[in-house]
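J.: Quick note: the sequence shown uses the UniProt record's numbering, first residue 1, plus one each step.
The hints are simulated quantities; they were obtained by calculation from the structure and are not laboratory data. Check the hints yourself; a few may be wrong.
Claimed, not checked - If you anchor each label on the Cβ, the simulated ranges turn out as follows: (1) Trp36 / Tyr291: 17 to 27 Å; (2) Pro69 / Ile277: 43 to 53 Å; (3) Tyr291 / Trp215: 21 to 31 Å; (4) Arg68 / Leu93: 30 to 40 Å; (5) Val130 / Thr179: 24 to 34 Å; (6) Val165 / Ala137: 16 to 26 Å; (7) Leu76 / Thr269: 37 to 47 Å.
Where a beta carbon is used, it is the ideal one built from N, C-alpha and C, also for glycine.
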Amino acid sequence: MTTASTTGRRSWIFYAALLILFWGVWGAFSALPATWYGYPDEMIYSIWALTMIIPAAFILRGQKWDRRPAATIYGLLIGLTGAGGQLVLFQALTMGPAYLIFPIISISPAITVVMAMVLLRERISPLAVVGLVLALAAIVLFTITGGESDESSGPWLLLAILICVAWGVQAYFMRKTATIGVNEATTFGWMTISGLLLIPVALISLGGLPTDFPWQAPALTAATQVLNAAGALFLVMALARGKAAIVAPTTNALAPALTVIISLIAYQTLPSPYGAIAIVLALVGSTLMVYSDEKRGEAPTPAVGASREHVR
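Can you make the complete structure from the sequences, with help from the hints?
T.: Listed below in structure tokens is the structure:
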């Protein structure tokens, strides 16, 4: 049985580790529905939004829904920037090269860090700054696949920048809601609602609900996307306990590192030189940030205290 004292001992590192595990595994197998069955991205999004209901039901059990206007506004902002960014990504990938789009998007943790340090007055030690730089470099390197193209600019570039900003702002708002005492259940509940609200948009852009795919396609999609959904919950829980300037770059660096390692085992594919360097940078940078943060210590946010009051 989980007790309040047990919950209180769990730092952001515990939930960040779960996030890295779930997103790392998800990243290794997320492309299978499209690769094996040609399943469209819009359907993958729709099923992901539905799988969000599972972790939402888990976290909402025994928790009180925060009815304050601030909780609603921030919750919708978090949900719409995350889910909306995903839909915009599908459009961007139809217009421009993925190997240029993803490195731009990968810079989103830097936006989170800047916003957290300026608006939330978060401070990190010099050692953590070194780790931050290494982690951000690793994130960019993970997305570099090489290739040549004349499409160095175009409408897709604006969309990629928009996604980068949206996801960077989303992580900041997750931390912001925790600092004003909005519990994790409410935040994730609004994320789930926002994702569900955008399903019609995805289906309309697809031209309707496709029925010519075998049952294995949606089943495999659900099996992989539930890992993505659970990871999103762990991100909310990690940001409720740790600084956004530490949590965002750490998780965004280590999850792809785990994906590369799992892919190496599952598919016998060696990482590119960029990927190998990125793994080392991710491990070193994240270790420095975690060590520095644990050494300094951090008081729990009001959101964590509010959640503990409702633990049974």
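J.: All hints, please: hold or fail.
T.: Quick rundown of the hints versus the structure:
1. Trp36 / Tyr291: 17 to 27 Å: violated, 41 Å
2. Pro69 / Ile277: 43 to 53 Å: holds, 47 Å
3. Tyr291 / Trp215: 21 to 31 Å: Cβ of Tyr291 to Cβ of Trp215: about 48 Å, so the range 21 to 31 Å is violated.
4. Arg68 / Leu93: 30 to 40 Å: holds, 38 Å
5. Val130 / Thr179: 24 to 34 Å: holds, 26 Å
6. Val165 / Ala137: 16 to 26 Å: holds, 20 Å
7. Leu76 / Thr269: 37 to 47 Å: holds, 40 Å
Hints 1 and 3 from the list above are not met by this structure, while the remaining hints are.
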